[in-house]
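Chains as they are written, first to last, in my numbering: chain A, 1 to 337; chain B, 1 to 337; chain C, 1 to 337; chain D, 1 to 337.
Be aware that one or more of the hints could be misleading.
Same chains, same label: a pair holds when it works inside one copy or across any pair of copies.
[Unchecked claim] With a straight-line cut-off of 16 Å between C-alpha atoms, the simulated EDC-like cross-links for lysine to aspartate or glutamate are:
hint: 1; residue 1: K213; residue 2: D244
hint: 2; residue 1: K118; residue 2: D317
hint: 3; residue 1: K260; residue 2: D278
Derived from the structure by calculation, the hints contain no laboratory data. As the structure is a prediction and not an experimental result, all values here were calculated from the model.
4 protein chains.
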Amino acid sequence: MIIITRPGVTDEELDHIRERIEALGPRTHLIRGEHRTVVLCIGDQQDLVNVPMLSIPGVEAVRPVMKPYKLASRQGHEESSEVQIGDSTIGGNALSIIAGPCSVEGLSMLQETARHVKAAGATALRGGAFKPRSSPYAFDGLGEEGLKILSDVRAETGLPVVTEVMDTRQVDLVAEYADVLQIGARNMQNFSLLTEVGRLHRPILLKRGMSAKVTDLLLAAEYIMKQGNMNVLLCERGIRTFEDSTRNTFDLAAIPVLKKETHLPVVADPSHAAGRRDLVPALSYAAIAAGADGLIVEVHPNPEMAVSDGDQSLVFDEFDSLMAGLAPFAEAAGRTL
Amino acid sequence: MIIITRPGVTDEELDHIRERIEALGPRTHLIRGEHRTVVLCIGDQQDLVNVPMLSIPGVEAVRPVMKPYKLASRQGHEESSEVQIGDSTIGGNALSIIAGPCSVEGLSMLQETARHVKAAGATALRGGAFKPRSSPYAFDGLGEEGLKILSDVRAETGLPVVTEVMDTRQVDLVAEYADVLQIGARNMQNFSLLTEVGRLHRPILLKRGMSAKVTDLLLAAEYIMKQGNMNVLLCERGIRTFEDSTRNTFDLAAIPVLKKETHLPVVADPSHAAGRRDLVPALSYAAIAAGADGLIVEVHPNPEMAVSDGDQSLVFDEFDSLMAGLAPFAEAAGRTL
Amino acid sequence: MIIITRPGVTDEELDHIRERIEALGPRTHLIRGEHRTVVLCIGDQQDLVNVPMLSIPGVEAVRPVMKPYKLASRQGHEESSEVQIGDSTIGGNALSIIAGPCSVEGLSMLQETARHVKAAGATALRGGAFKPRSSPYAFDGLGEEGLKILSDVRAETGLPVVTEVMDTRQVDLVAEYADVLQIGARNMQNFSLLTEVGRLHRPILLKRGMSAKVTDLLLAAEYIMKQGNMNVLLCERGIRTFEDSTRNTFDLAAIPVLKKETHLPVVADPSHAAGRRDLVPALSYAAIAAGADGLIVEVHPNPEMAVSDGDQSLVFDEFDSLMAGLAPFAEAAGRTL
Amino acid sequence: MIIITRPGVTDEELDHIRERIEALGPRTHLIRGEHRTVVLCIGDQQDLVNVPMLSIPGVEAVRPVMKPYKLASRQGHEESSEVQIGDSTIGGNALSIIAGPCSVEGLSMLQETARHVKAAGATALRGGAFKPRSSPYAFDGLGEEGLKILSDVRAETGLPVVTEVMDTRQVDLVAEYADVLQIGARNMQNFSLLTEVGRLHRPILLKRGMSAKVTDLLLAAEYIMKQGNMNVLLCERGIRTFEDSTRNTFDLAAIPVLKKETHLPVVADPSHAAGRRDLVPALSYAAIAAGADGLIVEVHPNPEMAVSDGDQSLVFDEFDSLMAGLAPFAEAAGRTL
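So that you can see chain A by itself, here it is in the shape it has in the complex (with noise of 0.2 Å):
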């Protein structure tokens, strides 16, 4: 950590700011400069983390030189970390591609959807079973018997399952039945609940919240690895910006930025991201062209008939395309679908 003085400051203010980084571990090292004086702080600095430096006397401005996480971090782990899902990893050569509702609206539709996607090569099951929705009016899932449709048809295709959780008193109950637990972009900094899940031993799909840059995305995943969790999936899923053309702005490269800061999978999810099908094939191609490990994408038998989401689903028809569509990608990718 660097930290800049004011001009002006006195020898015994640069004393006290050296005696009260000291007595937290750092060395420090002081260099004078025409302007500015600048203090730099050397060694471990976990715990000045906690030290409000802009109120300390002297102090103008503090430049951070170290990044703020550590087990979410390639440095120090340079291969990239494969998690197990079901029979299969996400994280290595092969693409994931997670499909199906945005919720479970009933077990036929999940049955329909389920065969149709996996036929069509998706490696893994979506459906929500606890919904966040901005309004208290909307519908919000079916709660457990959702979950039990989840299992249902996990049983009968032998896709794993990702399904949302929302509140750290369903963490137990959710992992019960699903492969993988989603934690969903408004939930991003419940600590609570990264807290919770990180004792679980099941994966966690992170979603990027819409305010959150990078670094918050992989604080978050430290969060849940802290407790003991290493099996993170990030997901990039747009934030929040004045564009209104689509629902969120695709933070595309945020995918080789992630990629090169972690060496957790990444996956992209389109469907969010652009709130309107139209797009998805194309942010998806671009996902896959960028690094992306996988996607996650909404897949409904009848949209117009959709609970949540139904604007940015695809039918069977335009899954089946897209799946054609990304295969060349893929293979430009060096990648395997």
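Knowing the structure of chain A, use the given hints to seat chains B, C and D on it.
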């Protein structure tokens, strides 16, 4: 709701659109323009919220007419609501000043702070026992011990206590000790938590999320109110933008917008908006000038030693100056302090 | 256009609204709902753009139906436009790769770069003679001397030249030398400049502004086209958001959105979007996968010595790798390189 | 400037980094930490602005220490600047209220408006003769005829005139008529225009761009000042964010930030920030409470008939109320009106 159809929409599609809408209650009205045909929906449109309109063949765009919140809306509830906090109310003519440290760090620092801010005119005490922190390595609060300290200091000073709840499992515990439960910005769309605090009869201070539109904030309030708890205080605390001279961008205009849209009281948090103590007075004066019903301000006996948010906490003298400086602005706004 | 009136609007107000609209041409249609009355405007609404609708008594909100651009719109111009640049076209099946240094720094560096990028497959040469710089203390280009160097290198290599124009007074000068005139992001809403380049018959590369919606970009193109110059190329180069791991946030979805909304060719600028050379390949592959008609990429013989934007410039070897890596993605997208 | 090197940087790389820097003037200082080695640059760093630091082998990140603006900075110029406009000054104790229509539409409407706002206490008259409009189909001003009308009305009322210049070719023309030349938000980084108005001795009202950081605004001012024109007024008028209840997001905190960073006067434009007239009073009071030196407000005799920005223009009665409401806030802020 107004449904804009695509150029060349067929009569069959138009019939289908109208049937789909009317099956849910509303009547429809067809208007054929030169370029576009428009379907107008009339009547109670509650159930349309679940319909993926863009998925109905022939639909190109949808334009809502009604506001999506009802209980929070000022329409049909013209009179401003006043919420009781301890012996005083918020939302009436008198301004509420909630002050105290970011985190409860111990009994003596809280006592000292509470005595001081009370003497200077504060009407309630803030202090976090459960702390949401971006990094899992940062101090996250004293937990129940912190709640007990808050309660002890209330007993001594008579100041009602505002403290954050982060987990559905802690709602009852926090409600035992707190006069007002705070929902933090990162949990504004933690719908399980909103629902849970909606079951209490205790006031809820609901902070705006970093990427929440004003409408999202009102829908979050609606979640709480739908459960029967009408005692919701809304808090503008800054949104996340590209500007980096402040921690967040204080959306001052949200204050008068909220005062028009809702009957609920509105407070401002200049400390989190700015992230720097030197800006707190200017933001506080502006918030009151713009019509806020109160402030929530961070104060610490020795910010340099604070375990969280020290950089934005006022020292006692600064808080005294703030209160002195605020008086003429309160008067200019026709409010009492 | 749909006009939503306030609750309790009077008949006199409704009459006045309709008279005001009809005086400008459109017919109106009144629909009375349970809560609101709506006025629908039918017919040519060109003149409504100048009317401050919210200022008419009784009006609460306005919902546009029509797109505000016509010449740029794909509606009524379904076929994609191809723009001639030198001997090749952009917007057809073959991808255009515009490469070169940020700034023209001298003859030999430009010659060297042009020869190299041409050999690697570039179809045009970029290079700035007039440079917009955030700081007045930064290098701002060689001016006319730079234009002459560009022209000399074109004569030698046959590569058509793309260079920026910043000032209405320089339009004729730049047009003397350039094959394509570039309007930079900071000048996207410099309407005098747009109008001036609209009078040329030379292609214009129009970069999206940092805070421009897709609609704003299309309206800026419309300014140029309204003057008679239909040879406009649109360029996605990232928007400004809170994310700071990249210089801008590459709005990949804008590419397929633009391809749907307009018949104009669309290129992507991965260099400015990322601001870091290591991300340029991933963004390039993704842009082509998403449907872009070409790329504009910064290449420099020795980025460390570049006078501007060196951090995002590829060295020759990296450009060769980019072109090699791009080939399979171009093929997957059904394009030729 | 602090240069952070990558883990494993070699001695050769370090030597090269230091040579590269020192060749440009600054001295360097090497500090070896446990994980990273840091190179500190000391001395005049003016020339480093052109160096692409990340392109130097071994460099991982760069942290600036110095502010990039000098003439605009309050450092070394502690006293606030006052700028003469007509017979009064802006930046001193008396607030400046610049009022008038968005566009000059004709002599009588401008006369009427000028007389009214003067009687109510305005100190200058605003009105656009050249209008930047997002759509090429919208009214774009009366041009020189509008300037003449402004000049005639000044002659009658004695109010100095503020009007926008959009094109380098019009600078001399506008300067013939205007007391203050305005640079609009869309031209804040039109560097040719900034340079051109920097050659005048006339005050310049510089509006913040929609995606400009405070630092960008100060650098734009620096462009003007570098040419010798120190009479720059800065204007906060809202930035573009995801929030859509207002036209722009009024960044109130920018006012006290600017007052700390620069000696230049700061005014606020509540009309463009809000985009709705009902919010103009609240934003105006807040701006003054936060330390603004003045306001620029849109007023129109009949906004419903305005050819631009009618929705945000106050009618005469509303302007009178605004001025009456402002008085106690001005007094609370220790300012005169």
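Results of checking the hints against the structure:
{"no.": "1", "hint": "K213 / D244", "result": "between (20 Å within a copy, 7 Å between copies)"}
{"no.": "2", "hint": "K118 / D317", "result": "within (13 Å within a copy, 42 Å between copies)"}
{"no.": "3", "hint": "K260 / D278", "result": "between (30 Å within a copy, 10 Å between copies)"}
The structure is consistent with each of the numbered hints, conforming to all of them.
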